[in-house]
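As given, the protein sequences belong to chains A and B, one line each in that order. If you count by the numbering used here, then the first sequence holds residues 463 to 803, one letter each, in order. If you count by the numbering used here, then the second sequence holds residues 463 to 803, one letter each, in order.
If you're looking for bench data, these hints aren't it; they were derived computationally from the structure. Keep in mind that the hints are not guaranteed to be accurate.
[Said to hold, decoys possible] List of simulated lysine-lysine pairs, DSS-like, C-alpha gap at most 30 Å:
no.	chain 1	residue 1	chain 2	residue 2
1	B	Lys637	B	Lys658
2	A	Lys719	B	Lys466
3	B	Lys542	B	Lys782
4	A	Lys719	B	Lys782
5	B	Lys466	A	Lys658
6	A	Lys740	B	Lys740
7	A	Lys715	B	Lys715
8	A	Lys740	B	Lys516
9	A	Lys658	B	Lys782
10	B	Lys715	A	Lys736
11	B	Lys658	B	Lys736
12	B	Lys740	A	Lys736
13	B	Lys719	A	Lys719
14	B	Lys545	B	Lys782
15	A	Lys715	B	Lys466
16	A	Lys719	A	Lys736
17	B	Lys725	A	Lys737
2 protein chains.
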Amino acid sequence: MSEKMLVALDAMGGDNAPYAMIEGTVNAVNGNNNIKVVLVGKEEIISQELSKYKYNADQIEIVNATEVIETAEHPVAAIKKKKDSSMVVGLHLLKDKKVDAFVSAGNSGALLTGGLGIVGRIRGIERPPFGALFPVRTGVCLMCDSGANVDVRPSHMVQFAQMGSIYMEHVLGIKNPRVAIVNIGAEEEKGNALVKETFPLLKECEGINFIGSIEARDIPEGYADVIICDGFVGNVILKLYEGLSSTLLSVIKAGLKSTVMSKVGAALALPALKKTVKSFDATKYGGAPLLGLNGLVVKTHGSAKAVEIENTILQCDMFKKQAINEKIKENLVLNKTKEEN
Amino acid sequence: MSEKMLVALDAMGGDNAPYAMIEGTVNAVNGNNNIKVVLVGKEEIISQELSKYKYNADQIEIVNATEVIETAEHPVAAIKKKKDSSMVVGLHLLKDKKVDAFVSAGNSGALLTGGLGIVGRIRGIERPPFGALFPVRTGVCLMCDSGANVDVRPSHMVQFAQMGSIYMEHVLGIKNPRVAIVNIGAEEEKGNALVKETFPLLKECEGINFIGSIEARDIPEGYADVIICDGFVGNVILKLYEGLSSTLLSVIKAGLKSTVMSKVGAALALPALKKTVKSFDATKYGGAPLLGLNGLVVKTHGSAKAVEIENTILQCDMFKKQAINEKIKENLVLNKTKEEN
Numbered sequence: 463m464s465e466k467m468l469v470a471l472d473a474m475g476g477d478n479a480p481y482a483m484i485e486g487t488v489n490a491v492n493g494n495n496n497i498k499v500v501l502v503g504k505e506e507i508i509s510q511e512l513s514k515y516k517y518n519a520d521q522i523e524i525v526n527a528t529e530v531i532e533t534a535e536h537p538v539a540a541i542k543k544k545k546d547s548s549m550v551v552g553l554h555l556l557k558d559k560k561v562d563a564f565v566s567a568g569n570s571g572a573l574l575t576g577g578l579g580i581v582g583r584i585r586g587i588e589r590p591p592f593g594a595l596f597p598v599r600t601g602v603c604l605m606c607d608s609g610a611n612v613d614v615r616p617s618h619m620v621q622f623a624q625m626g627s628i629y630m631e632h633v634l635g636i637k638n639p640r641v642a643i644v645n646i647g648a649e650e651e652k653g654n655a656l657v658k659e660t661f662p663l664l665k666e667c668e669g670i671n672f673i674g675s676i677e678a679r680d681i682p683e684g685y686a687d688v689i690i691c692d693g694f695v696g697n698v699i700l701k702l703y704e705g706l707s708s709t710l711l712s713v714i715k716a717g718l719k720s721t722v723m724s725k726v727g728a729a730l731a732l733p734a735l736k737k738t739v740k741s742f743d744a745t746k747y748g749g750a751p752l753l754g755l756n757g758l759v760v761k762t763h764g765s766a767k768a769v770e771i772e773n774t775i776l777q778c779d780m781f782k783k784q785a786i787n788e789k790i791k792e793n794l795v796l797n798k799t800k801e802e803n
Numbered sequence: 463m464s465e466k467m468l469v470a471l472d473a474m475g476g477d478n479a480p481y482a483m484i485e486g487t488v489n490a491v492n493g494n495n496n497i498k499v500v501l502v503g504k505e506e507i508i509s510q511e512l513s514k515y516k517y518n519a520d521q522i523e524i525v526n527a528t529e530v531i532e533t534a535e536h537p538v539a540a541i542k543k544k545k546d547s548s549m550v551v552g553l554h555l556l557k558d559k560k561v562d563a564f565v566s567a568g569n570s571g572a573l574l575t576g577g578l579g580i581v582g583r584i585r586g587i588e589r590p591p592f593g594a595l596f597p598v599r600t601g602v603c604l605m606c607d608s609g610a611n612v613d614v615r616p617s618h619m620v621q622f623a624q625m626g627s628i629y630m631e632h633v634l635g636i637k638n639p640r641v642a643i644v645n646i647g648a649e650e651e652k653g654n655a656l657v658k659e660t661f662p663l664l665k666e667c668e669g670i671n672f673i674g675s676i677e678a679r680d681i682p683e684g685y686a687d688v689i690i691c692d693g694f695v696g697n698v699i700l701k702l703y704e705g706l707s708s709t710l711l712s713v714i715k716a717g718l719k720s721t722v723m724s725k726v727g728a729a730l731a732l733p734a735l736k737k738t739v740k741s742f743d744a745t746k747y748g749g750a751p752l753l754g755l756n757g758l759v760v761k762t763h764g765s766a767k768a769v770e771i772e773n774t775i776l777q778c779d780m781f782k783k784q785a786i787n788e789k790i791k792e793n794l795v796l797n798k799t800k801e802e803n
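Based on the sequences and whatever the hints tell you, model everything.
Structure follows, in structure tokens:
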């Protein structure tokens, strides 16, 4: 491995592939000498697209992969069948330590399946979740799982809490991070079957600061540092965060233009308004790493545009320095289940 | 029954009971001659609290109930055991047609259980959902289920879609309302087990305009008229809607005061800003009726304050005129399941 940070990027995954991937890559390397991107996918298409841009040739490499895993494909079948897909080839580069990270905007389920099967998980981890940072009033919060595992068991949720807690404490430096489970009421008795079964396990779990249930209305206020839920609920929360912020901003802008007085006010206030809303934009955190793997696999939005791809590539440098999975490995104390005792 | 609209109110349920219930009741009757509220709960406490207010004595009546179902109690056990609770007594008033509606801010699960057991459901309905209206950019949207059933089966979701569709078409007059299921991707293959099993049933369901999956980010834009999900997810969405709108508004206000120029702008723009955000406030719709019951049972927020109680009481008049459940009864074409054929 060279001294440069080496990021393999799935050039074919996501709604805007390969164009956004290539534009984002060029912008990332043009802005940072210390990064090299390995574009994985159909060589001919990538070369042709790359020829439109100027960049330092040492910083971009293409690795050919002839197949593409589509968003709608069944994850397990796709990973098994499409050995020469950009995702499978990219994950092998990571496994073989030819790159420091693998980034994809493609099929989340396939990325999880491939991450588990090819890169492998830390001993004892059952299901790696996506750990996504998002903005709250008081700063930043971690959503765990933000979309990798849509049907989970209580024991998985407990590990999400443990890994999320290690992330916030040992990577972001938040002492004794407050861990809460998403629920529809404050009381232990509330919730669906999954939450009711998970709650007592979290209470008993050592090494985490479990503060109980959090109702969705309290999430933006920053009442917890680590938010635990299944990947379906986590994905719904983060996407609503994005969508509602953006809709509200545009409704507010329209409203500000509704009267002459407010129009004048808006002209004066709009720069500050935009800045404020930007500080609350969930997309700025871009990628979410799979927690608990033996390597750095990062998912970006399926709908990611060039700027998000660029941000995610640059983020990998930070993720690598933060050594999230290494810290999880060092600090994780696994709860012994009955079967293990 | 008199000509007045008769609303029984659970005076003991909810975080702010009984004070907010009594204040809200007094304000509702003082502003509307045509409503009579029956306060159900501990007579002595209610009388004492009522004595602080001025109101037309013909418009408020107390029905004594000595027990209270707490928020954290197990719904089925609570309804079975506490025969003299404000909730059970109130539901019996509705069943016996002594009132036109029953409103509670108490234990949602108990309200569902009691609604099913005491008031009864329309023939063929498996699980009544809460149908909550909430604001979107293009107007209004119905969330179904917004919190009654936290663990559901695909057949329940299909009925949520049918009832929600009838509500929007026959009550709100939206022709051929677009029905969408909350999902984490646009494709049929996406989702958790519940969504994957429900999707093909919704596609085959006659009499609804099923447009497929909706991602949470698209909900505020108004891409669908009826949003289908289980009560856990629905509750999370509505509460995040509330919380995020409120947090964003306060972050924006603080941001507007951050520079001298924006401060001047804010002073001019704030009235328009407030008006705009108010148009997007999910709490203004207040109560959500249980769809598919043989009577009008309405749930308000557990955290409802006097103004929300007042709004919900006034809403009952509209709900009664809209005859939601009667229209569901008239228009529902039940899908025959294999067992029935």
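Right, here's what the structure says about each hint:
{"no.": "1", "hint": "B/Lys637 x B/Lys658", "in the structure": "holds, 27 Å"}
{"no.": "2", "hint": "A/Lys719 x B/Lys466", "in the structure": "violated, 44 Å"}
{"no.": "3", "hint": "B/Lys542 x B/Lys782", "in the structure": "holds, 28 Å"}
{"no.": "4", "hint": "A/Lys719 x B/Lys782", "in the structure": "violated, 38 Å"}
{"no.": "5", "hint": "B/Lys466 x A/Lys658", "in the structure": "violated, 43 Å"}
{"no.": "6", "hint": "A/Lys740 x B/Lys740", "in the structure": "holds, 21 Å"}
{"no.": "7", "hint": "A/Lys715 x B/Lys715", "in the structure": "holds, 14 Å"}
{"no.": "8", "hint": "A/Lys740 x B/Lys516", "in the structure": "violated, 49 Å"}
{"no.": "9", "hint": "A/Lys658 x B/Lys782", "in the structure": "violated, 36 Å"}
{"no.": "10", "hint": "B/Lys715 x A/Lys736", "in the structure": "holds, 12 Å"}
{"no.": "11", "hint": "B/Lys658 x B/Lys736", "in the structure": "violated, 41 Å"}
{"no.": "12", "hint": "B/Lys740 x A/Lys736", "in the structure": "holds, 20 Å"}
{"no.": "13", "hint": "B/Lys719 x A/Lys719", "in the structure": "holds, 19 Å"}
{"no.": "14", "hint": "B/Lys545 x B/Lys782", "in the structure": "holds, 27 Å"}
{"no.": "15", "hint": "A/Lys715 x B/Lys466", "in the structure": "violated, 44 Å"}
{"no.": "16", "hint": "A/Lys719 x A/Lys736", "in the structure": "holds, 15 Å"}
{"no.": "17", "hint": "B/Lys725 x A/Lys737", "in the structure": "holds, 14 Å"}
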